[in-house]
Amino acid sequence: MSTLIRPLAGAPWLQGVKDAIPLLGGYIPVAISFGLISIQSGFSVLETVLISTFIYAGASQFLFVAMAASGAPLWLVVIMTLLINARHIVYGPNLAPYLSEDKKWIPLMHGLTDQIFALAHARLPQLPEQERLGWYSGAATLAWFSWIGGTALGAIAGGELTQRWPLVNEILPFALPALFLVLIIPRCNNRLWSITIILSAATALILKIMGYPNMAIPLAAISGATLFYALKNQRFLGEH
Amino acid sequence: METSMWLALASIALGTYLLRLLPYLWMKAALTKKQMEGGISAMPSWLTILGPTMIAAMFGTSLVPAHLDTISWLATGAGTLVTFAVWTRTRSMGLPILCGVAAFGMIMLSL
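These protein sequence lines are chains A and B, in that order.
Just so it is clear: in the first sequence, position 133 is 133 by this note's numbering, and no numbers are missing.
Just so it is clear: in the second sequence, position 109 is 109 by this note's numbering, and no numbers are missing.
Hint data in this document are derived by calculation from the structure and do not stem from the laboratory.
Small disclaimer: the values here were computed from a predicted structure and weren't measured.
Among the clues, some could well be false.
Said to hold, decoys possible - Here are the simulated lysine-lysine pairs, BS3-like style, with alpha carbons at most 25 angstroms apart:
#1 A/Lys18 with A/Lys104
#2 A/Lys18 with B/Lys34
#3 B/Lys34 with A/Lys103
What the hints assert, rightly or not - Ranges between beta-carbon positions, derived for each pair:
#4 B/Ser110 with A/Asp102: 29 to 35 angstroms
#5 B/Leu81 with A/Ile89: 31 to 37 angstroms
#6 B/Met43 with A/Leu46: 37 to 43 angstroms
#7 B/Lys33 with A/Gln40: 49 to 55 angstroms
#8 A/Arg164 with B/Ser110: 18 to 24 angstroms
#9 B/Ala85 with A/Ile195: 34 to 40 angstroms
#10 A/Ile106 with B/Met43: 18 to 24 angstroms
#11 B/Trp6 with A/Pro166: 30 to 36 angstroms
#12 B/Gly38 with A/Val168: 42 to 48 angstroms
#13 B/Ile71 with A/Leu83: 33 to 39 angstroms
Glycine is no exception: its CB is placed at the ideal position from the N, C-alpha and C atoms.
Chain A with its partners taken away, still in its complex shape (with noise of 0.2 angstroms):
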């Protein structure tokens, strides 16, 4: 991944909202669905708004409207929904180098999705220390103001939505692997880390399909992770 470090031409806040732009076409239909669902769960629209603003964790707030819906015991609803939740811990830390010890880096964790990790993690090491904040500040409310926005659109007018409009749900959605790519494929500049990327994402693709939606991203992460140390051991590839 490069770490050419290159100061912003314009405001640091407006690079991040333009770099996080991509993210829109993947989280507003998500969350569209997300409102719509809630719905029909049986949420209002403000608990659903309030849902969305204050756990902000797509795949768990799913199952938080659907395992309550069904009458589970709500211990077992906040366990399974912290569970799907783990995999942020490793978020964090990865990100801790580049931050400097400023006190709104606190509240701002609040923001810290799978997609802000991933934008962030490629974008903060090219950054100078200064303009980390403000560039994170931008990107991740911007991701967080349209995650509430769309569930709000969602839980409206989500029905008519989707009727009108089937095939932008489908299109759109589409942003989020292109940019995942495009965050990844720098990392793969040798065999090693090559195959280890690979890997990974093939096995979370399979582990998907195959009915693990929740498990597929730490259990590929740690599986790719293992790959990389197993081979950069036995030296066959070369240095790392």
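With chain A's structure known, arrange chain B on it following the hints.
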């Protein structure tokens, strides 16, 4: 929503926030301590490996189309190839994603 449901919602929201915040604070404190002791402040190597593999795994899961039919897979393949091809030329973020989505959309609409 009943009080118990509000409590569940608050617990999940707080728990998720702490899952994001506490490991960051822990690592920040560890790095600062290492620096103050005069050592090189470096993350554990397994964490530097797990970060990129998590992003690769997100890429893998996000590739799975909503409907597992031939057209969707064809569109996914084309969108991925176009994104990669444009990235190799521009080394930027916006244009490769735009072209990838356009290629994906064109196949979804035309077949």
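Hints and how they fare:
1. Taking the CA atoms of A/Lys18 and A/Lys104, the gap is near 21 angstroms; set against the 25 angstroms cutoff, the hint holds.
2. Only pairs whose Cα atoms come within 25 angstroms are accepted, and A/Lys18 paired with B/Lys34 is rejected, the gap being roughly 36 angstroms.
3. For the suggested pair B/Lys34 and A/Lys103, the alpha carbons sit about 20 angstroms apart, so the restraint of at most 25 angstroms is met.
4. Checked against the given bound of 29 to 35 angstroms, the beta carbons of B/Ser110 and A/Asp102, roughly 50 angstroms apart, lie outside it.
5. As the Cβ distance of B/Leu81 to A/Ile89 is approximately 34 angstroms, the hint placing it in 31 to 37 angstroms holds.
6. B/Met43 and A/Leu46 have their C-beta atoms about 41 angstroms apart, which keeps the hinted 37 to 43 angstroms range intact.
7. For the pair B/Lys33 and A/Gln40, the supplied restraint of 49 to 55 angstroms holds, since their beta-carbon distance comes to about 50 angstroms.
8. Separation of A/Arg164 from B/Ser110 is about 21 angstroms and conforms to the stated range, judged on CB atoms against 18 to 24 angstroms.
9. A hinted range of 34 to 40 angstroms is violated for the C-beta pair B/Ala85 and A/Ile195, which are about 22 angstroms apart.
10. The hinted range of 18 to 24 angstroms is satisfied by A/Ile106 and B/Met43, whose Cβ atoms lie roughly 20 angstroms apart.
11. Between B/Trp6 and A/Pro166 the beta carbons are some 35 angstroms apart, a value that agrees with the proposed interval 30 to 36 angstroms.
12. Between B/Gly38 and A/Val168 the CB atoms are about 56 angstroms apart, so this pair departs from the stated range of 42 to 48 angstroms.
13. With their beta carbons about 35 angstroms apart, B/Ile71 and A/Leu83 fall inside the hinted range of 33 to 39 angstroms.
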